[in-house]
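Visitor: Listed below, chain by chain, are the residues.
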Amino acid sequence: MNSPAVAADPDPPSSFRDPAGPWIDAAIVLTLLIAAVGVARAYLEQHAFDSVVEAAYRAVSDPREARIAMPESMRRAVPHLLALDSRPILFDPTKFSAQGLARRGATHVLAADPSIRETLGTAVSSSRPIGDLELLTLDRVAALQESLPPGRRIIWLDSRPYRYRPVSDSTVLENETPMVFEAVLDPGRYEFRFDAFARNPGIVESRVDLPGTEPRRHVLAQLAFHPFVHSFEWAGSGPRRVEISLRASLEEGPSRPIAFIHRAELSRRP
Amino acid sequence: MTLSRSAVRIGLGLALLVCLGITLAFDFTVGYAADESSHLHMVEHHSKSLDYASWEDWTEGSYRAHAYHLFSPLPYLVYVPFHWIQQRTDVPRNRITRLGGCVYAVAQFWVTWLLVSQLLGRTGTALLATLAANLIPELRHLHGYVNADSFAILTGTFAFYLIFRMRDGERMRLSLTAWVGLSLAGLAHAKPTAYPIAGVLLAVFAWRLRSYDYSRRELLRRIGIAVCIPIALALPFHLHVYRELGTGEWMAAATHLDLSTTTNHGLIDRRPLDLGKQLQFHWSRAYTIWMTTWGWVPWHAEIPSWILTQVSRLGILGVLGAVVAPRALAPLVVRRSLLLALPPLTLVFTLVVLIFQSGLQIQGRLLLPAGVAALVFLILGGAALLRRLSGISPEHSIAAVSILWIALLAWGNLRLLVPDERFQETGSASRALESHAVVREDLSPPLDAVRPLEHEAFAFEEGTRDVARLDVEGANAPNVGLLQ
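So the protein lines, in turn, are chains H and C. The opening residue of the first sequence carries number 377 in the working numbering; numbering runs sequentially from there. The opening residue of the second sequence carries number 1339 in the working numbering; numbering runs sequentially from there.
Simulated from the structure, these hints should not be mistaken for laboratory data. As the structure is a prediction and not an experimental result, all values here were calculated from the model. Where is the CB? At the ideal position from N, CA and C, for every residue including glycine. Misleading hints may appear alongside valid ones.
[What the hints assert, rightly or not] Residues from chain H shown here face chain C by an in silico Cβ test under 10 Å; the list is partial:
(1) 396
(2) 400
(3) 401
(4) 404
(5) 406
(6) 407
(7) 411
(8) 417
(9) 451
(10) 454
(11) 586
[What the hints assert, rightly or not] Think about it this way: if two alpha-carbon atoms lie no more than 25 Å apart in a straight line, the pair counts; the simulated SDA-like pairs of lysine to any residue are:
(12) H:471 x C:1441
(13) H:471 x C:1392
(14) H:471 x H:491
(15) H:471 x H:621
(16) H:471 x H:521
(17) C:1386 x C:1441
(18) H:471 x C:1584
(19) H:471 x H:451
(20) H:471 x H:605
(21) H:471 x C:1513
(22) H:471 x H:503
(23) H:471 x H:450
Here chain H stands alone, though its shape is the one from the complex (with noise of 0.2 Å):
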């Protein structure tokens, strides 16, 4: 593999010489400009959320304990909010609720734009700027309280908060063991997802406790189905308290006959 370096030819052939070089020279310089720009660039976008969500972080009372949600476009954000210890919440500006971020453990909202205010309404308790941004303060208890309008929604897990990293694992329903969500519902029309996969094969069955519901079976078939629709309607009057259970019944067999919830979710139709 060492071969000794052979001396420099003093005067190479002409079919060695490049008489193309200048421009070889220039087109090289001028690649690694533009990849330079590049690079510099797409790092820069990666990390453009960075300082507001640090201040964001740094402004809440007790950051470890905080959970701070942020509108989607802000995802970016997420690898250096979890790099502090703080496991982010994601939402659409269009569909979000207060009860909904409530649900999922907020505490803190960032708000990019006013109608994020207006929609949470009466479940803000302070507020302050961070940046261009306005760091709002949940009011958890007054939020768990404020029915779902139509076309929003809540969500109770999702293990993809982000697109590929996960922040949450999925969570686990132990077999023949009810998983319960609850929420306030005025009279409307509903739909509850949610996202299952279990290796041993079964059902998982989901029931509302509203009169005239009847209980759906969902198959489990070791492929991820995807999602799993449970709709329903409250036709009676004034908000209510509803409890959505899931309950997995599984064959026994080589694994451990769990199922596991990546998401769940429950939206009002418009």
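Assemble chain C onto chain H, guided by the hints.
Guide: Positioned in the frame of chain H, the structure of chain C alone reads:
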């Protein structure tokens, strides 16, 4: 084996026809490969758009186990013209789309020939060795269904050709330098499992440059060409991945396995495990490395697993020995000492990178891009050993080993060309997905309780694609995802 130039050409044509024939036969006999539906999804996308595939297409259903939308469109472009024809005909099961594999079959054969003839010259012996090495991707029907592995293997083999094409002490022509750059660009567009080969190619390139006394400007020009071509051709793709991931990662490598183990199985937790325990675990099931590399043969089930385990362990130790003391293998060298040292080094390098990249999941199939070169090397090494033992000429020993290899492969694999219930396994897609989870979950004792990995390549299931389609069609909500 000395043959006339025309005889070698005729032999090349015949060997190519054999490879094409096998490709076509598998095109029609293979049912649905476990992950073909995801690859077809990519081809379908690129038949409409040359832009990168989007997350939204992969958000729902079983496709989301494969992060192929984070892969380059390049491997799929070969299939696109055939897919256009497919869409205008009534031929079932994407048979015409799969014909894109014939392009890869021809290219792979040619590149393997380049590699082997670089080592052995354009001789009849080289022809036999080429056919023997090339039968592996053919008989593992890599070209018989739509996938991205064919591209990775092709670029990996070409990189090895260049590794041997560059010579110490020679002034490197700019054209060869440009080929190095193009090869690096190709590897950067291939699967992440090909990236370590790019690293080795770059290292050898630097080593070769060092062996000639260039002027500074000439040296920088060559480095610039080799580096700027991949930058120009592949950096935009990797910048796309960086932005798309939004996680600060530059490559999709880590997320691919993450996705397959998390979104379908919910096994998101990546708590660090004790390294010693993991090494003990993998050592105890070394035979699965044998099963999942190209040393796998259909009749492996007839061989007791303890034999495979011992063979695999000896193989691992042998490769490590070759890296630690390459000069010890010098007597086996056919033409130069580097010949024996580089491929094992590359394989080990690849393995180490992938082991740590994929959370210490050892899967032999991740070594595919280096596979053909490794087989060429295996044949030459085996021939050199035979020569030492028997004293016959190098040409005859290489020919003998090649013929033996072809015969073994033919005996074990050609029956696959005939549809056989034995290979129409059901439920395989689930098991293939599950196999990742088995590795992750069962990393604690008792080690004996661990089930072997299922082998994806022979996992065909008639209904897989239908299930996947239903799955996606059923997911009608534009779940841009992950949101409140």
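Visitor: With reference to the structure, classify each hint as holding or not holding.
Guide: Hints, verified against the model:
no. : hint            : verdict
1   : 396             : holds, 9 Å
2   : 400             : holds, 6 Å
3   : 401             : holds, 6 Å
4   : 404             : holds, 3 Å
5   : 406             : holds, 9 Å
6   : 407             : holds, 4 Å
7   : 411             : holds, 5 Å
8   : 417             : holds, 9 Å
9   : 451             : holds, 5 Å
10  : 454             : holds, 7 Å
11  : 586             : violated, 22 Å
12  : H:471 x C:1441  : violated, 48 Å
13  : H:471 x C:1392  : holds, 22 Å
14  : H:471 x H:491   : holds, 12 Å
15  : H:471 x H:621   : holds, 23 Å
16  : H:471 x H:521   : holds, 18 Å
17  : C:1386 x C:1441 : holds, 21 Å
18  : H:471 x C:1584  : holds, 22 Å
19  : H:471 x H:451   : holds, 16 Å
20  : H:471 x H:605   : holds, 18 Å
21  : H:471 x C:1513  : violated, 57 Å
22  : H:471 x H:503   : holds, 22 Å
23  : H:471 x H:450   : holds, 16 Å
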